[in-house]
Amino acid sequence: MARKRKKKQSIEKLKVKDKRKRVNGSRAGDVTIFIFLLLLGVFMVFPLYYSVVQSLKPVEELFVFPPKLYVLNPTGNNFSDMFKVAASSWQVPLSRYIFNSFFITIVICAANLFVCCCAAFVLAKCKFPGNKVINQIIVIALLFASNATWIMQFMVMAKLHMIDTYFALILPSISTSMGLYLMRQSMSTIHDSMVEAAKVDGAGLFRICWQIIVPNSKPALMTLIIFAFQGAWNIQGGVLTYSEELKTLPTVVQQITMAGLARQGVTFAASVVLLIPPLTVFLIAQGNVMETMANSGMKD
Amino acid sequence: MAKNSDVPAIKQGKWAYTWHMMKTNKACYFMLLPFMVFFIIFTVAPVVMSLPMGFTNFNMIQTPKWVGLSNFYTLFVNDDVFLIAIRNTLIFAIFTGPFSYILSFLIAWLINEMNPFLKTFFTFVFYAPSMTTSVYVTWQLILSGDSYGYLNAVLLDLGIFTEPAQWLTDTKYILAVVIIVQLWMSMGAGFLAIRAGFQNIDKSMYEAGAIEGIKNRWQELFKITIPSMGPQLLFAAVMQISASFTVGVVGQSLVGLPSTDYAAHTIMNHATDYGNIRYEMGYSSAICFVLFAAMLLANKGVNWLLGKYLD
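Residue numbers (the numbering used here), protein chains in the order written: chain A, 203 to 502; chain B, -5 to 305.
Read the hints as simulated data drawn from the structure, not as lab findings. Even glycine gets a Cβ: it sits at the ideal position worked out from N, Cα and C. Honestly, I wouldn't trust all of these hints.
In silico DSSO-like pairs for lysine-lysine, Cα to Cα no more than 27 Å straight-line [to be verified]: (1) 302/B - 334/A; (2) 20/B - 334/A; (3) 334/A - 17/B; (4) 197/B - 420/A; (5) 420/A - 113/B; (6) 8/B - 20/B.
Quick partial rundown of chain A residues pointing at chain B, CB under 10 Å, derived from the structure [what the hints assert, rightly or not]: (7) 318; (8) 420; (9) 428.
Produce the complete structure using the sequences and hints provided.
Structure representation (structure tokens):
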């Protein structure tokens, strides 16, 4: 007992001494790390920064040599040009593509989160026949990369009469082995005693999953949202949809930017526009990754 | 406990016991059901259907013709380009595999040492390249082969080079250039998962550690952080393996397919070449089959290594 009290006191002392809540690590170390990350970060973010700058440049500045790393007279012309090109090229208004993209992205994200969390919880926390086999299959599916599967996928969808419908865009992306594996790995770090306590209290599996386990895997959940959104947002119909009304924004942007360097400003504007929604989701989700104390109250 | 009446089933052997366990855990299967339905239809079925294609001759128009192992024989004995592809894939795999894995972890760890605002900021900075899909244009501008390519312009200005280097077509540079761009893009899924893993660690462990005599960040890292992040590290490893063995898309859009003298030709490029350009689907499937086997082996190896370290 006496030792325990002593421990507690020393923890409090530590907390008072170090207001940044860090137990180990010096200020100097923090600064060194910051500078190191900043230097590496510049290299990482440069091409991205440069595309934003290029997208804002008027034509006179775009082809100046040597190129400038900043804009003198920022203009929105590239962006309005992009919309003009899109509007004049096809019968379907641009808003339809935007709607398509948002529609399938939101549906896929919601469905993906739901099925992955349910399945991951069961695979991580319940023992039942087949559990191990399914886990193995998921890992194998993660590793399987083939150029030939798309033909078979096409044939499956043709059999189900889903070609050229929203279903062809949405359904294949709902069950992702990556999402399941990510959630499963994170959920497996949560204490079993939490599940047992809930079971004793009479909660069903579904409730345990959504009220206890999922909220406690918030960092992984937020990461999954980022992956799901990004994956869904970048879906290009390809051979699965051919009607103009069903095409997504990335498909159209790709068509616009086919011209390559000649339409440089528009190309960069398009890549910036395409980046905004996933970027917003990323920032919100990352900001939301609170420091959850997954196992608090489970000291043993 | 309510199912006690079924227990005698246990005595009737393994199958009866399994059946009994399945009945007791019905709810588990219901939870799995929605995932499995879509997973089986859109992932498992196409994969299983495409596996036998490696043993056939299939050009997408005529019905596949069974040719046994001849695709594999050609691949290893008569296809010189495939051997180049294996070599290149291994080089890529070393750089974008272990190297980038450790780099992801280190950077995720360093970011975790910052305050909350900087955490979000740096996570964004390092993850940003993986979010963009069309930044190749920027790299093309930087690496363009004439004296207007930005890198060339800088090097010429500084007098390091006397004439512009053909970064994207000269076999001396191609491999290195693609590796750098690949590394630049490699802070992807694994990196984010590791970042999330750090958030999940119980902070009181560090306090306890400080009392037990852990003095600096390094000890904290090896004694507390890594051992409690096993599952996330395994996830990142799988993602890294599948990413590093299937490299090809970056090179394809940067230096073209095929690249000069196949200098950056990977197994995946080889499969794309036969599958999506020449429509020899059988041969392409055989290539993917070999790649898949290699990845499974690598995964077994990494699991064994990590498992040994984490326990």
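Distance restraint between residue 20/B and residue 334/A, which requires alpha-carbon spacing of 27 Å or less: 16 Å, holds
Can you confirm whether the C-alpha distance between residue 197/B and residue 420/A stays at or below 27 Å? 15 Å, holds
Holds or violated: residue 420/A as interface residue toward chain B, Cβ cutoff 10 Å? 8 Å, holds
Take a quick look at whether residue 420/A and residue 113/B sit within 27 Å of each other, Cα to Cα. Cα-Cα ~16 Å, so holds.
Does the alpha-carbon distance linking residue 8/B and residue 20/B stay inside the 27 Å limit? Since the Cα atoms of residue 8/B and residue 20/B sit roughly 18 Å apart, the hinted pair holds (cutoff 27 Å).
Please work out if residue 302/B and residue 334/A have their alpha carbons no farther apart than 27 Å. 20 Å, holds
Are residue 318/A and chain B close enough, Cβ to Cβ, to be under 10 Å, as the hint says? Since chain B brings a Cβ to about 7 Å from residue 318/A, closer than 10 Å, the hint holds.
Would the hint on residue 428/A stand, with a C-beta cut-off of 10 Å toward chain B? At about 7 Å, which falls below the 10 Å cut-off, the nearest Cβ of chain B leaves the hint on residue 428/A intact, so it holds.
Given pair status - residue 17/B, residue 334/A, alpha carbons within 27 Å: 17 Å, holds
In this structure, none of the earlier numbered hints is contradicted; all agree with it.
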